[in-house]
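Enquirer: Sequence:
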Amino acid sequence: MLSIGYGKLLIGCVAGLLLIGGATLGLGIGGFADGPVDSGPAVGEDELEIRTVQSPTEIRPDEPLRVQLQITNSGSETTTQQVALRLNGDGQPSETVATKQVEVSAAEPTDVTFAVEPDQVSSGEYTYAIAVGESSPPESTGSVAVLTPPTFVLDDTTENATIVRGTNASIRTNLTNVGAYRGVQTVRIAVDADQNDQYSDTETLNESVHSLAGGQSQMSTATVRTADLEPGRYQYKVATENTTTTGTLHVQQPATFRVQNTTAPANVTRGETANVSAVVENVGDVDGSDNVTLRSDSMNITYSRSVSLAANETTTVSVGVNTTNLSRGTHNYSLGTVDDTDTVSMTVQGSHFEVSDLAGPNVLYVGDTAVFSADVTNTGEITGTQSIQHRIDSDDDDRPEAYGVDRNVTLAPGESTRVRFEIEYTVTDSTDYPVEPLSLQTYVYGIYSKDARASTAMSVKPSWAKDGGSSGSGGSTSVSDGDRASLDEITQDKYGYYYDEVSSETKRQVEEIHERQPFADGLAAAEVRTREEIARQEYGADVKAGEKFNFTGLGIETQQKVEADFDAQFQTDSGDRIESWDELANDTYGKSYENLTASRKADIKTTYQDQFE
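Position one of the sequence shown corresponds to residue 1 (the UniProt record's numbering), numbered consecutively onward.
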């Protein structure tokens, strides 16, 4: 509280007032009350004194200004005087804001209190003065400050309001209390995500309450996750109870690579390099890099190119495709990035030499000239030249070898020719012959192009067996056309030995052929293949010639195919699949045929033969 000393007042003097500093707005009091003042009995000018003036040094704008004083009368008579409170602010003329008619007793001091309501003053610095009586000189009594209320100012400090989609953005605002004392304010940050010029509760990102002293600041921050926002401009709002500021968040499209106008040659000759190209454009708002990848529906190989483009920049990407290992026909290619893919088709053309109508001996007698021939047809789209080879499986690995016996053939599309080879085989090793010497056994041979083959089997027999003659191993005969051959005849026709001269494994397989007679029309015994030979030659079974053959060790699908090929070599009315000895032995006794007793083997043979009844 502000207090001052006391001084003497003269009664009947004109009142004046000394005012300093401050500001006054809309005080609404025009001066002293109207009408003459009843001063009562005369009092000496030096007999009235103002003592103990008290007032606050500062008040809030919602508080009344209270000024308290005490007046003493040292005379002998009670008097009534007008007491006035005057305010002056910011150099403005002083105004009387309150008056009272006060009776001042000579017996004791008189207390006077003035209350100036909040609506009579505004924030600022004021001086006030007290005057008693119309002729009393003014008393300067002090000053008071009306404080500025809590007033909040928002300052948008958001950085990087332009951001690439998928990156989080931060909206930042600084809240400052420019008032004179502490206040509480709520800050709400929202983004108009649906761009409808309204801010719903679901679009509010952050709402925080701040308690700030006068002059204090505090930051509010909200995170905007842009992954779900389409590229574009979004308004955001930062609001308090009485202040709002807005801004714009620009969400940019990240570097996005589009592929268009993909081209490739409609037709390409196999072996040539074909260029697949496309126009790649970065339709994003920022620079970026990506891999442009070429993929094929017919090959696992991929080709990639790294491409860097500025926003809205385009470039042409071209990839060379090696067609050497591609099959003839249409191939689809896709050229794409992580964002986009475009496809194109390309037809690979080439010559294709089919081999058909193979002719050659079923039985070759040592010393004879073997004649092999086949038709070769170019079924491709272009003229081509290929080496047509005669091959024979001389090492018994079921992969016929080439020995340089070939012809170069050039054919136009659709054109055919017959290729013929004459070869004299021998049983001795001699450089006079183009191929290795052959033993007396069955061989697979064929005529091959780069694209296809035709193959079959032939038996090599000694020259003395050609005319049914005899030697240390006995004679030979070729049985066919529905006749039944003996074990010796089958063994001699196929291997050039008697039945007793071959291994137990060969005997078993000869026995299977013997039991299944008669042969199909047109087949000689030498041409009939065992299941083992069919499995090795046709289906790639890993069985070496002369090794024990476990038919049931093949996959069931391969078994059925081998059995069907085997059955086709014999005359039988049954369309059912014929089970082998091993199959029957395993089905009946749970053991292979070779591990059965003699009596059980006999039972299996009977069961086996019953399948043909």
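Keep in mind the hints are simulated off the structure, nothing from the lab. Careful, some of the hints might be misleading.
To be verified - Distance condition first, Cα-Cα at most 27 Å in a straight line; then the derived DSSO-like pairs of lysine-lysine:
1) K601 <-> K591
2) K561 <-> K591
3) K507 <-> K591
4) K507 <-> K450
5) K561 <-> K507
Enquirer: Does each hint fit the structure? Answer for all of them.
Expert: Going down the list of hints, with the structure as the test:
| no. | hint | in the structure |
| --- | --- | --- |
| 1 | K601 <-> K591 | holds, 11 Å |
| 2 | K561 <-> K591 | holds, 23 Å |
| 3 | K507 <-> K591 | holds, 20 Å |
| 4 | K507 <-> K450 | violated, 38 Å |
| 5 | K561 <-> K507 | holds, 23 Å |
The structure fails hint 4 only (numbered hints given earlier).
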